[in-house]
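**Q** Based on the sequences and whatever the hints tell you, model everything.
In the order they appear, the protein sequences are chains A and B.
Note that our numbering has the first sequence beginning at 115, numbered continuously upward.
Note that our numbering has the second sequence beginning at 33, numbered continuously upward.
Careful: at least some of the hints might be erroneous.
Stated by the list, open to error - One-sided and incomplete, this derived list gives chain A residues near chain B with beta-carbon spacing under 7 Å:
no., residue
1, Val-150
2, Val-158
3, Gly-160
Quick caveat, the hints were computed from the structure, so don't treat them as lab data.
Heads up, the beta-carbon is just placed ideally off N, CA and C, and yes, glycines get one too.
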Amino acid sequence: MRKNETLPKAILDLDRIVHEPARLAILTVLASAEEVAFLFLQRVTGMSKGNLSSHTQKLEAAGYLETLKAFQRRIPVTSFRITEDGRTALRLYHHQLRTLLPKEGKP
Amino acid sequence: MTTLDLETLETITRDYAAFQTRKSGLATALGGCMAVVLVIAALSPNIMGIQVLDRLLVEFLVWVPFLWLLLRAAIGRLVYRKLGPVKALPDGAYERRRWLWILGLAVFLVAVLLAGLYAFASGHLRADQPHAAICPPPLWILLMPFLYLLAMPWAIRGIEEARAYAVLVAQGILWLVPWFLFSFGPPSPPLKTGWGLFGDFTGISILVLIYTVLIWGALAMVRGWKEHREYLAILRALPQES
Chain A
115 MRKNETLPKA
125 ILDLDRIVHE
135 PARLAILTVL
145 ASAEEVAFLF
155 LQRVTGMSKG
165 NLSSHTQKLE
175 AAGYLETLKA
185 FQRRIPVTSF
195 RITEDGRTAL
205 RLYHHQLRTL
215 LPKEGKP
Chain B
33 MTTLDLETLE
43 TITRDYAAFQ
53 TRKSGLATAL
63 GGCMAVVLVI
73 AALSPNIMGI
83 QVLDRLLVEF
93 LVWVPFLWLL
103 LRAAIGRLVY
113 RKLGPVKALP
123 DGAYERRRWL
133 WILGLAVFLV
143 AVLLAGLYAF
153 ASGHLRADQP
163 HAAICPPPLW
173 ILLMPFLYLL
183 AMPWAIRGIE
193 EARAYAVLVA
203 QGILWLVPWF
213 LFSFGPPSPP
223 LKTGWGLFGD
233 FTGISILVLI
243 YTVLIWGALA
253 MVRGWKEHRE
263 YLAILRALPQ
273 ES
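**A** See the structure below:
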């Protein structure tokens, strides 16, 4: 028997892109604002530049965020914005987790 | 990797974004402080009467709200954008409150303008009044209330900012009124006038305006400083850089 077959289907249905803790933190921050600068995202999540870039690229490839590049007084500023798909995926993930967790009072 | 829980991440992001859209912290405190200090300093020789001020000083005082806007932009960039720009999500309820403030202040300014027009039309402002109209106010100064009005949607981004802008505009109006009543003419010496020259209604209105500036200015100082401390708390809550 394969290992996955022993897990409940609800757990297998969790979106792996969102389920990863670093990406979940990124999506949570992005969902709380309209547009977020790279520097702020890095500081608030506590990730390194390389790590953050790698995770945002994965989220962008999944269509969950878009990258915005602009210049402010000749300095390049990279920002991110969550897409509607990203918001929906995050909401769905929260809903799935809530249904997976035991109800209060039950073991 | 962060040790913050998801709820804290949300709160920090929302609070930080608020400082770029509707909170000014130090700038609000500075606005209140400027209004209080300028009014006390300008009236200090005779708080209970109105001293007709030096023309250059009045010309400076009526521009103070715009000076504050420049300072606010500089403070915002230097203090509240250290971690880059973050745009807040739109908040309908807050926007409605903001527009109520704009409307309230607009009504006040329009009332001042109408009172001025009424004073002209009813002959209360005549060139043959004592001390009056040796040198009429320049045209640009007549436009100041309109400029205050035009700047409002941009100047009032948040409720505490609205308070700071309102007191600075009120102190500007405070200097416009005596200007209209007794234009400043060279080389006349500084004049001290009592309430009698203004009439009861104008005198009481000016007194109310003075106390409004002092009380609201003090409130803006306290609230602005409180906002700034909230910002410092946000920075402290962030994970330390490795």
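**Q** Quick one: which hint numbers does this structure break? Sort them smallest to largest.
**A** As far as the earlier hints go, not one is violated by this structure.
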